[in-house]
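Q: Take a look at the letters that make up each chain.
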Amino acid sequence: MDDSSPRLPTRTDLFLTYGKIGLIGFGGINAWARRVLVEEKCWLTEQEYAETLGLGQVLPGPNALNAAIMVGDRFHGAVGALLASCSMFGGPLIILMGLAVLYDSYGEVPLVKAVLAGVAAAAAGMVLGTAVKMTQKLKPTLALLAVGLCALAAAGFFRVPLPMVVLGLAPFGILASWYGARRK
Amino acid sequence: MTATIFWQLLLGFGAISLVSVGGGIAVLPEMHRLVVDVHGWMSDADFARRFALAQAAPGPNVLVVGLFGWHVGGILGMLTASAAMTVPTSLMAFGFSRLRARLLGRPWLRIVECGLVPIAVGLIAASGLILAQGSAESWVTIALTVASSIFVWRTDFSPLWVLGAGAIIGALVL
Numbered sequence: 001m002d003d004s005s006p007r008l009p010t011r012t013d014l015f016l017t018y019g020k021i022g023l024i025g026f027g028g029i030n031a032w033a034r035r036v037l038v039e040e041k042c043w044l045t046e047q048e049y050a051e052t053l054g055l056g057q058v059l060p061g062p063n064a065l066n067a068a069i070m071v072g073d074r075f076h077g078a079v080g081a082l083l084a085s086c087s088m089f090g091g092p093l094i095i096l097m098g099l100a101v102l103y104d105s106y107g108e109v110p111l112v113k114a115v116l117a118g119v120a121a122a123a124a125g126m127v128l129g130t131a132v133k134m135t136q137k138l139k140p141t142l143a144l145l146a147v148g149l150c151a152l153a154a155a156g157f158f159r160v161p162l163p164m165v166v167l168g169l170a171p172f173g174i175l176a177s178w179y180g181a182r183r184k
Numbered sequence: 001m002t003a004t005i006f007w008q009l010l011l012g013f014g015a016i017s018l019v020s021v022g023g024g025i026a027v028l029p030e031m032h033r034l035v036v037d038v039h040g041w042m043s044d045a046d047f048a049r050r051f052a053l054a055q056a057a058p059g060p061n062v063l064v065v066g067l068f069g070w071h072v073g074g075i076l077g078m079l080t081a082s083a084a085m086t087v088p089t090s091l092m093a094f095g096f097s098r099l100r101a102r103l104l105g106r107p108w109l110r111i112v113e114c115g116l117v118p119i120a121v122g123l124i125a126a127s128g129l130i131l132a133q134g135s136a137e138s139w140v141t142i143a144l145t146v147a148s149s150i151f152v153w154r155t156d157f158s159p160l161w162v163l164g165a166g167a168i169i170g171a172l173v174l
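As they're listed, the protein sequences go chains H and U. Numbering-wise, the numbering used here puts 156 at position 156 of the first sequence, and it's gapless, one number per residue. Numbering-wise, the numbering used here puts 171 at position 171 of the second sequence, and it's gapless, one number per residue.
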């Protein structure tokens, strides 16, 4: 089958794909989930993924997990939600157990620290690049773009607590979206 | 792990998870209060180191609670803390997902969902910025971050390439 054509995932697909997203999810899950679900698998469009993640942020709980549950439910109901969330957490949890044991002995080795610093810097760039790419593809109206920049400034520069950013900006985002829809 | 610690982990992280709007990391200060101030399970520096370790590992950032649990209760503590932090809100997300399916197609739901999109993208950018500030130790790491963001933005190659490059450059130069 042509890799670029959209197709629906089986339960095994869902389990394996979320397992992979968890294991390669350096710097946080969201940028990777978007990369795999939108670009590699074409299960969701750019817009659908961003909407799911937006809902995941308004609900309490880890937003990547909330998004995984909604994506799993969308394709395979309760079973899908369980498969996606468990496989996303299972792999990293096992790695973390290994790290917890190793870190106390090797965490201060200079080479380990240097490699981790290099990966961390690259992962930061990866997350930033993803945000730029999403903005470019979503083609937001000016009002929506302004809301997005406010979220970036509040959370990234001024370190406003996230619940306040999300709940404070949501009404403005909805207003901007309503205004955009009315003008169409 | 004693029964007391089991309940302290379960109730402490369970309560925190319910207010973690915006993501698990949004409640990091609250976790600090629970782990360091209230129970005195670890020092300030220990807390920061464990957080950095969870950041460096792949997977959801919220897994750091597993490391806190590990510290006080071994493997059972890790599983208890992780479950307390994720299960209750997961059930809520599932319930919401069902509700959303029933409301699908209502115009106001479309408007609300579109309105939340810029917040989702803005917060991804913000977390990238915070990660970049944390990792900006020298001009090498800053250059690495800039090169990596351009690579991911302008190409469709897997970002694993830049992470690999980051590891190699880190080992050689830093």
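Check before you lean on any hint, since a few could be wrong.
Straight-line Cα separation of at most 25 Å, DMTMM-like style, residue types lysine to aspartate or glutamate; simulated pairs [said to hold, decoys possible]:
| no. | chain 1 | residue 1 | chain 2 | residue 2 |
| --- | --- | --- | --- | --- |
| 1 | H | K113 | U | E137 |
| 2 | H | K20 | U | D46 |
| 3 | H | K137 | U | E113 |
| 4 | H | K113 | U | D46 |
If you are wondering where the hints come from, they were derived from the structure by calculation, not from laboratory data.
Q: State for each hint whether it applies.
A: Hints versus structure:
1. Under the criterion of a C-alpha separation no larger than 25 Å, the hint pairing K113 of chain H with E137 of chain U is consistent with the structure, at around 12 Å.
2. Restraint check: the Cα-Cα separation between K20 of chain H and D46 of chain U comes to about 30 Å, which exceeds 25 Å; the hinted pair is violated.
3. A distance of roughly 17 Å separates the Cα atoms of K137 of chain H and E113 of chain U; the hinted pair therefore holds under the 25 Å criterion.
4. A C-alpha spacing of about 16 Å is found between K113 of chain H and D46 of chain U, which places the hinted pair at or below 25 Å, so the restraint holds.
Figure legend: structure checked against the earlier numbered hints; the only hint not met is number 2.
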